[in-house]
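Asker: Work out the full structure, taking the sequences as your base and the hints as a guide.
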Amino acid sequence: MYSAFYKELKPKKAPKKQTIQFKLPLPIHHGEFLLKTQKDFELPPSILEEHERGDIKPSFIQVRENLFTGPKRRFPRQEAATCQCERPPKGQLGCGDDCLNRMLFYECDTMACACGDQCSNRRFQKKAYIEELETFQTAHRGWGLRTLVNIKRGELITEYCGEVISTDMCNQRMQTIYKNKKNFYFLEYAHGQVIDAGMKGSVARFINHSCDPNCHIEKWAFKHQLFVGVFASRDITAGEELFYDYNFATFGEGQDQACYCGSQKCRGTIGKKPPQKQG
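Under the numbering used here, the sequence shown has 272 at position 272, and the numbering climbs by one with no breaks.
Calculated from the structure, these hints are not laboratory results.
These figures come from a predicted structure and were not determined experimentally.
For each residue, glycine too, the CB sits at the ideal point set by N, CA and C.
Take every hint as true, because none was put in to throw you off.
Cross-link-like lysine to any residue pairs, in silico, SDA-like; alpha carbons within 20 angstroms at most: (1) 223 - 193; (2) 152 - 93; (3) 200 - 183; (4) 179 - 168; (5) 223 - 191; (6) 126 - 116; (7) 127 - 155; (8) 152 - 216.
Simulated DEER-style distance windows between Cβ atoms: (9) 216 - 135: 15 to 25 angstroms; (10) 148 - 127: 14 to 24 angstroms; (11) 89 - 61: 37 to 47 angstroms; (12) 110 - 268: 45 to 55 angstroms; (13) 86 - 268: 45 to 55 angstroms.
Answerer: Take a look at the structure:
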């Protein structure tokens, strides 16, 4: 179509010149040699020495309950699910030391306990653990665990959690992923099963051995569940390191390791107690 107005075509813009980015030449002499030489990665000597001394805190995934790698084992439910305790006055707690379930290391069921919400025998169910715990570097025992608050005798401190594996898998891990490891975190869970807290576990994995410990291990049940708890064997003051005797709780028949607990009752090695002399 035609128009009475004069139209002037705009001239086409010239293409922009591509700018060439400035590039440095490859390094010469020793620099070129380093670029062309393949070498496996190595940690700096300072970090490697710290790792060998145990100064670097081991990495792990913290969990608050056990993780079952295979089928979860169901334990037979005990008959003593209903205790004979009477409901205490308002404001007080029931199911104390004289509770039948407590004496059998069995936690009460809220649906069957007469004390109801005043029952004090449900610590594992409520995860009523002491939170004021701190990991720290010890002088001769690697990493340890201490309390920041006072703990009364018989009090539940924490639960020993990790991966629940079979003894066969435990032996397999000892020959593979833990082959060159110096520290192990195995604890017997039930017949044919072991808790491995090496890669996934609770802070209880940092509790060291002592021949004169201030803690001990107890196994409690509730319905079809089993709990492994760390309890105070005596009154523990804030700032004290926590210990239990590995003799009664560790898994395996390996060689005894030197003990550095420093107590007057030290046996010299972390292993089974020697038989007592008669007469």
